[in-house]
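Colleague: The chain contents come next:
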Amino acid sequence: MRAGLLRAAALACVMSAFGGTAFAEGKIVISNWDGYMPPELLEAFTKETGIAAEMSVHATNEEIMGKVTAGGGQGYDVLFVSSPFAEALKKLDLIAELDPAKIPNLANLYPEARNLSYDPGNHFSVPYAWGTTGLCYRSDLVAAEPTSWMDMLKPADALKGKITMLKTDRWLMAAGLKALGYSVNSVDEAEVGKAKELLTEAKKSLLAYDDTTFYSKLVSGEASLVHAWDGWCNYGIAENAAIKFVVPKEGSDMWVDTMTVTKASENKDGAMAFINYVLRPDVHAWVANNILYKVPNQKAMETLDPALIAQYPNIGMSPADLMKQEQLRDLGDGQKLYTQTVTEITFQ
Amino acid sequence: MNLSRRTILLAPGLGYLALFLVLPCLIIFAYSLFERGTYGGIDYTLTAGNYLRAGSSLFARIFLDSVRIAGTATLVALLIGYPAAYAIAAAPRNRQMALLVLVMLPFWSNYLIRTYAWIVLLNNEGLINRGLESMGVIQEPLPLLYNEFAVVLGLVYNYVPFVILALYSSISRLGPELREASFDLGGSSWTTFRRVTLPLTVPGIAAGAVFVFVLSIGNFVTPDLLGGGQRPMLGNLIYSQYLSARDWPMGSALGFILVLIMLALLFGQAVFAHRAAGEVEARGVPAGAPR
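Protein sequence lines correspond, in order, to chains W and S.
If you count the first sequence from 1, position 259 lands on 259 in the numbering used here, and the numbers rise without skipping.
Offset between the second sequence (1-based) and the numbering used here: plus 1000.
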């Protein structure tokens, strides 16, 4: 207690001595999903670079998108958003062109990650984590291992009331669209209409829509099969080894969570230094170990303990296999059709 | 007190209301008349489309569902709250304070934590189902969570203290004299309650009911967590329009409709309370009972 007090006092002295203007001007604000980064990462970054960094969290892409569009991005330097949102932010001219010379660690990324369809060459976004979406299930509670989206959307009687689905618009729609053989980026009204019909019917067999705690419903046995992002399924696997993940045979989406720098940032160099820091193999490997998601950093992935991949097989999915899934793109005006459709499905 | 002093004293309060209540409501109303932008935000093209969509069958059904759920919660909260408030008001004076503190005790912890605690209690592996199973009362877990029952339960649990407080202040103001008079004139306990206590506490009932109803119909946390999003209410719809659909104009239109409903209810309650107070005075009983 006493030592803590002393340390705090010492810290305050140090901060007032060195803090003040130099740090205040250079401070960068990062907005990421809560728990999507090792908690000590910012501290380690500041220690190494001398750039003060502050963490702000958002619960969803839509939330940070709302904040940034309303405020022009003021007050934020680095934003973590999924790729379609990065694309939209670029179209809105709210995020900055990156300077590759300031992010030399881009060279550590897989070649695939340097050439993603929404931003080939990483001009405005740098992939942080990537993966796909599929079915996460209790192999001890399902009669047969699921292989198709239809195992979730038109489930066997025993599974009814034991399923949760994601309700974030892009991923809810992707399940219905892929099940019917359409593109995850389809804005064709007839196709979206058919997917809506299927998803509305599927709602009757759901226990709940759940974007955040689905894995704990699997662990508790309330649900036997949940619609999940691969990395998030790992949080369930960590607690119960009977939990498995499968990408449905019809294929799925490929999502990328990216790091972007706001145009309003007053310390773009600091923001890019942060991105460069994350891309360092040891740091990015630390991230992967901490959040249990695949990271698109070849040098980092090569250092991962094989035991980790044995425990969480989806971390071992190769970039080539991942690229077989369909990359999510910004829908532009088509987004209105999606949000209205999703409102109509989920509130039906 | 002269006029200028009264103005000065009222100014901060009224200014606060104007700035943080009236103005935001007007902004919401203005937003509701425009179209949404592609990436959220507002596209300043006038439209009545949001209100037309709000009248569609889907939205109307959610509206009716919300009224039913909030109404049920209100009724149950009154049925639980009235006897409790009555008992507290009848308790010895020195114990009333302690009992009221107990009523308020849940507010010392966070709303979300209390709601999550219900999930722990109600889920299939939860305390209630596990307990009943181990006692052999049930074989299969009861469906206690992710349905309308859970939502109503959550709302009642959270808002019953408000009902108790509103009713307590109404009942304790009555004093024992009127009841004693009723007993002296040969009224039974039931008759006394039905013809004296109950009518005189109607303003308290109305105040408590409006409180629960208004808070319930706009609530979105409880339907989301305890209802599993399966029983979405108006609050969830507004929340989703703002935060997931990024359709601020639609959310604004729905929000403005909700504000109007609440205004109507509060106005009705005020008229009701005023009339009840007037009646009591007309009968020669002072509104604030004598001590």
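Simulated from the structure, these hints should not be mistaken for laboratory data.
Ideal Cβ placement from N, Cα and C applies to all residues, glycine included.
Honestly, I wouldn't trust all of these hints.
Footprint (simulated), chain W over chain S, 3 or more residues, beta carbon under 8 Å [to be verified]:
| # | region |
| --- | --- |
| 1 | 1117-1131 |
| 2 | 1191-1205 |
Output of the computed footprint for chain S on chain W, the stretches with three or more beta carbons under 8 Å from beta carbons of chain S [stated by the list, open to error]:
| # | region |
| --- | --- |
| 3 | 47-55 |
| 4 | 166-177 |
| 5 | 216-222 |
| 6 | 253-260 |
| 7 | 336-344 |
Colleague: Give me the numbers of the hints this structure contradicts, sorted from smallest to largest.
Modeller: Numbers 2, 3 and 6, in rising order.
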